[in-house]
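A.B. asks: Residues per chain, in single letters:
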Amino acid sequence: MKPFQKIKSIATPLDKVNVDTDQIVPKQFLKLIQRTGFGQFLFYDWRFEREGTPIKNFILNDPKYANSKILLARDNFGCGSSREHAVWALDDYGFKVLVSTSFADIFYNNCFKNGILPIQVSVDVLQKLFSTKSEIEVDLEEQTIKADNISVSFHIEPHWKKILLEGLDDIALTLQHEAEIVKYERSHKI
Amino acid sequence: MSRTLFEKIWDSHIVVDEGGRSLLYVDRHLIHEVTSPQAFEGLRINSRKVRRPDLTFATMDHNVPTSDRSLPILDQISSTQIKTLEKNCKEFGITLFDINSPNQGIVHVIGPELGITLPGTTIVCGDSHTSTHGAFGALAFGIGTSDVEHVLATQCILMEKPKTFEIKIQGKRKNPHAITAKDIILSIIRKIGTAGGTGTVIEYRGEAISELTMEQRMTICNMSIEAGARAGLIAPDEKTFQYLKGRKYVPENYDECVDNWRENLTTDRSAKFDKSFTLSAESIVPQVSWGTNPAMTSDVTGSIPFAEEYGKGNPEEEKGVTKALQYMDLKSGTLITDIAIDRVFIGSCTNARLEDLIEASKVVKGKKVSPKVRAMVVPGSQLVKKNAEMMGLDKIFKDAGFEWRESGCSMCLGMNPDILAKGERCASTSNRNFEGRQGAGGRTHLVSPVMAAAAAIYGHFVDVRELDLN
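Protein sequence lines correspond, in order, to chains H and A.
Okay, so the first sequence: first residue is 1 according to my numbering, each after it adds one.
Okay, so the second sequence: first residue is 1 according to my numbering, each after it adds one.
Any given hint could turn out to be false.
[Said to hold, decoys possible] Subject to a maximum C-alpha distance of 30 Å in a straight line, what follows is the list of computed DSS-like cross-link-like pairs (lysine-lysine):
id: 1; chain 1: H; residue 1: K189; chain 2: A; residue 2: K319
id: 2; chain 1: A; residue 1: K49; chain 2: H; residue 2: K64
id: 3; chain 1: A; residue 1: K87; chain 2: A; residue 2: K239
id: 4; chain 1: A; residue 1: K174; chain 2: A; residue 2: K8
id: 5; chain 1: A; residue 1: K161; chain 2: H; residue 2: K56
id: 6; chain 1: H; residue 1: K113; chain 2: A; residue 2: K8
id: 7; chain 1: H; residue 1: K161; chain 2: A; residue 2: K90
id: 8; chain 1: A; residue 1: K395; chain 2: A; residue 2: K367
id: 9; chain 1: H; residue 1: K113; chain 2: A; residue 2: K49
id: 10; chain 1: H; residue 1: K8; chain 2: H; residue 2: K56
id: 11; chain 1: H; residue 1: K161; chain 2: A; residue 2: K163
id: 12; chain 1: A; residue 1: K163; chain 2: H; residue 2: K189
id: 13; chain 1: H; residue 1: K113; chain 2: A; residue 2: K90
id: 14; chain 1: A; residue 1: K8; chain 2: A; residue 2: K161
id: 15; chain 1: H; residue 1: K189; chain 2: H; residue 2: K64
id: 16; chain 1: A; residue 1: K163; chain 2: A; residue 2: K191
id: 17; chain 1: H; residue 1: K56; chain 2: A; residue 2: K331
Just so you know, these hints were derived from the structure itself, not from any lab.
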């Protein structure tokens with residue numbers, strides 16, 4: 001995994017509550033056996049007509065946000081299915097930071113495993129970010145979000161911060177506990 | 001110190017404790033064709049093995065066709081995914097219940113059926129409905145593909161400890177044939193919301209939960225994720241032990257295990273939950289979802305709400321309702337029982353076990369599916385299908401005009417050819433009414449098996465309390 005860098009970008013404001021992973025990547029695209037190439041399917045049914053023409057008034061189709069690396073969304077983002085394809089699609093499309101008032105548990109976990117930073121903020125902070133016209137700067141090292149109308153710090157578990165900043169492989173980290181795993185297996189039957 | 005059932009299971013699986021975060025041992029790992037290929041690929045790239053193939057079980061369920069199994073799979077990409085699972089299981093020595101196995105079925109139906117699911121264990125699977133297994137007093141939750149790879153390589157999972165959430169259903173249902181486990185869980189989600197359980201493990205308690213059968217308890221725990229919870233739990237009791245006895249994969253010293261479970265797997269009387277919610281079973285009536293998330297649900301006697309009334313002053317919620325009603329093509333004020341339907345789906349890990357089919361068949365017996373409706377039954381597993389056929393249920397459904405199909409996830413998520421056409425409206429016993437879930441542009445109403453069966457016969461929703469279900 002690539003180490004997480006400081007991000008400065010215009011943010012895409014997705015003004016929707018309860019965005020589920022079925023919307024992030026519809027099921028017809030879950031049949032691939034690789035991790036790559038899912039960006040083209042991101043929000044597919046919201047982004048495209050059935051024949052593949054872009055739907056004009058969907059925010060991702062606004063050229064202004066074409067190179068955006070930050071996605072803003074309303075409460076309970078990523079609910080529903082555990083499909084990690086949703087995170088692969090966001091990543092492949094170019095989003096590296098997600099900001100919402102809350103994330104669903106499995107989705108939140110999946111983000112860190114793929115080098116994406118999900119940031120939970122208050123309703124007021126989110127509202128300010130939605131209304132800013134400037135670029136937003138996210139500094140994970142300092143745990144800050146800055147825009148022309150706001151400058152706040154955010155919370156992140158130290159473990160996840162380290163994983164993201166150093167681009168660590170968490171399986172390798174767990175395998176360092178081999179002795180403890182063996183010990184547990186010896187004492188625990190079923 | 002007194003502890004909840006969840007805390008006892010959590011504590012007994014800690015391999016390494018890092019404060020709020022723990023490396024937990026996984027007792028059972030279930031895998032399927034959709035969320036596992038990239039995990040196996042990761043193992044290969046890093047020259048890693050599956051640590052405990054003996055604790056890992058696989059089946060193919062999400063995109064398998066439910067038509068004649070002797071025919072080749074027409075969808076080449078689905079076929080590749082299925083073959084990839086076969087190849088991976090062979091290479092890494094994992095038990096696979098393949099498409100021709102008498103034990104094939106939806107992973108959350110076959111786990112309990114085969115006795116792979118056991119009280120007090122930790123169970124994970126790359127599928128959010130893994131919460132189903134909590135009905136047996138197991139700590140069971142869905143994980144993403146990276147975690148599937150992590151568990152394959154280490155048999156452990158790194159997790160922050162969730163909070164505890166007690167949901168108590170007091171009293172008894174007034175008419176247990178008409179008011180089902182599905183109506184209980186939809187009522188709960190409707191009240192606490194789709195994020196009401198985020199960050200928690202729910203323990204369902206109370207008289208109305210104790211009186212449920214094991215299969216009904218599975219329906220409740222299955223939809224815990226629809227309330228945002230990581231897992232749902234019900235303390236095991238004599239019904240649990242009786243259900244599992246003699247099943248294929250239960251331990252040889254089963255009776256000894258039962259003694260141990262009976263003694264240890266309860267929430268201590270003075271244990272405290274982080275959160276609590278109580279609902280009276282007597283207040284619950286048959287439920288029908290009308291929107292695009294499972295909290296958007298109404299009593300069958302109700303009507304489609306107005307955005308302002310539902311949103312209660314929250315502009316985001318109001319916008320959500322307006323958009324949902326637009327997608328569902330429904331008008332505020334319409335009676336639920338006036339909604340006509342095109343399709344009926346009785347299936348999924350929520351409601352496709354034997355009891356579900358028995359209950360639905362009582363509504364259908366001797367009647368005909370409305371000429372305007374196409375209806376199908378997709379049993380949850382090959383074993384469910386076989387048992388149902390031995391009871392003659394297939395004949396009841398087929399005589400009425402239902403399609404009787406092979407087991408799989410089918411139209412719950414429409415990864416196989418079973419999908420809704422754009423604009424079609426479906427009464428479905430599944431778990432998610434998200435936009436496009438059952439097919440792009442399709443409209444899903446979540447209901448119980450008896451409600452779905454009745455909708456098939458009448459062509460619109462009816463209050464099943466008015467029918468003779470005995």
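A.B. asks: It remains to establish, for every hint, whether it holds in the given structure.
C.D. replies: Evaluated hints:
1. K189/H <-> K319/A: Distance of about 52 Å is beyond 30 Å: violated.
2. K49/A <-> K64/H: Given pair K49/A, K64/H is violated - Cα atoms ~46 Å apart, limit 30 Å.
3. K87/A <-> K239/A: Cα-Cα ~38 Å, so violated.
4. K174/A <-> K8/A: violated, 34 Å
5. K161/A <-> K56/H: With Cα atoms ~43 Å apart, K161/A and K56/H exceed 30 Å; violated.
6. K113/H <-> K8/A: holds, 28 Å
7. K161/H <-> K90/A: violated, 38 Å
8. K395/A <-> K367/A: holds, 12 Å
9. K113/H <-> K49/A: holds, 20 Å
10. K8/H <-> K56/H: Given pair K8/H, K56/H holds - Cα atoms ~26 Å apart, limit 30 Å.
11. K161/H <-> K163/A: holds, 22 Å
12. K163/A <-> K189/H: Distance of about 27 Å is within 30 Å: holds.
13. K113/H <-> K90/A: This hinted pair holds, its Cα atoms lying about 27 Å apart.
14. K8/A <-> K161/A: holds, 12 Å
15. K189/H <-> K64/H: violated, 58 Å
16. K163/A <-> K191/A: holds, 19 Å
17. K56/H <-> K331/A: Judged against 30 Å, a Cα distance of about 26 Å means the pair holds.
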